[in-house]
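**Student:** Here are the chains, one letter per residue:
Protein chains: 2
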Amino acid sequence: METYCKFETALDILVGKWKPVILLRLFEHGTMRFSELQKAIPDITKKMLTQQLRELEYHDIVHREVYQQVPPKVEYSITEYGRGMHTVLKAMNDWGVSHIEHLNELYGENRLKEKGSR
Amino acid sequence: METYCKFETALDILVGKWKPVILLRLFEHGTMRFSELQKAIPDITKKMLTQQLRELEYHDIVHREVYQQVPPKVEYSITEYGRGMHTVLKAMNDWGVSHIEHLNELYGENRLKEKGSR
DNA sequence: CAGCATCCTATCGGATACTG
DNA sequence: CAGTATCCGATAGGATGCTG
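So the protein sequences, as listed, match chains S and H. Here my numbering is used: position 74 in the first sequence is 74, and no number is missing along the way. So my numbering is basically just the index in the second sequence, starting at one, shifted up by 1000.
Among the hints, erroneous ones may be present.
As the list claims (entries may be wrong) - Here are the computed distance ranges between Cβ atoms for each label pair:
(1) Tyr-67/S - Glu-1036/H: 52 to 62 angstroms
(2) Val-15/S - Asn-1104/H: 14 to 24 angstroms
(3) Glu-1036/H - Gln-68/S: 52 to 62 angstroms
(4) Glu-1075/H - Pro-72/S: 56 to 66 angstroms
(5) Glu-1057/H - Ser-35/S: 27 to 37 angstroms
(6) Cys-1005/H - Met-48/S: 11 to 21 angstroms
To be clear, the hints were calculated from the coordinates, so they are not data collected in a lab. All residues carry an ideal CB built from backbone N, CA and C; glycine is no exception.
Construct the entire structure; sequences and hints are all you get.
**Tutor:** Okay, here's the thing in structure tokens:
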């Protein structure tokens, strides 16, 4: 079996404390301004939001549109290419949902996050 | 769209510097002893190997079989449940492979890992 | 408004030594 | 052989303040 050498690559791109939430919002709302993202994700700082968006932008998952005006306006959206992640995200999400149930069966409810999950 | 809330869960379980390699080896070889895993992954330390295996074990992805004998013998394998991740891993791997090509088109070859990918 | 720069800390991961 | 314990450095992430 010569596969599974590059799923680490996918992992790298998705990892980051806020990437999941950011992607979720952008997939839901389509296009959002920087400030809208901030409001939608209350606990995130500007620094983190910028940083994570830049990484996603580098990987061509997210598009950054700057409007040259005062006050500034910048809009973020999922790229055409980024939509190709839909399958992967869905696969991961579905597995995640069922896995939570599985863990509950194993250890009982309300025990996630307590042990072993770093 | 009410989905994509839990793909973060899948992410958490797969994240860890060595989890991808460990899973890869176990999927390939089926069952491996602690020392075999060490040899198969030269740069990993015992501490890291133990730690990552314990996390995977907690999530019921990996099974730990202890043989009560001297010298000790412990074997690791993917659980029945763990095999259910196959779909997800494959989806991620396939996307990873194509994404590397995509990045090469965007930025040219040999430029991965240089920018933005944390 | 949408950031960047600076500083700080918490967590992750590595090196090394010891043990049943 | 298969770990555990301890220490230690690197890095991810957070708080705060400044700016075009």
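**Student:** Any hints from earlier that this structure breaks? Give me their numbers in increasing order, please.
**Tutor:** 5
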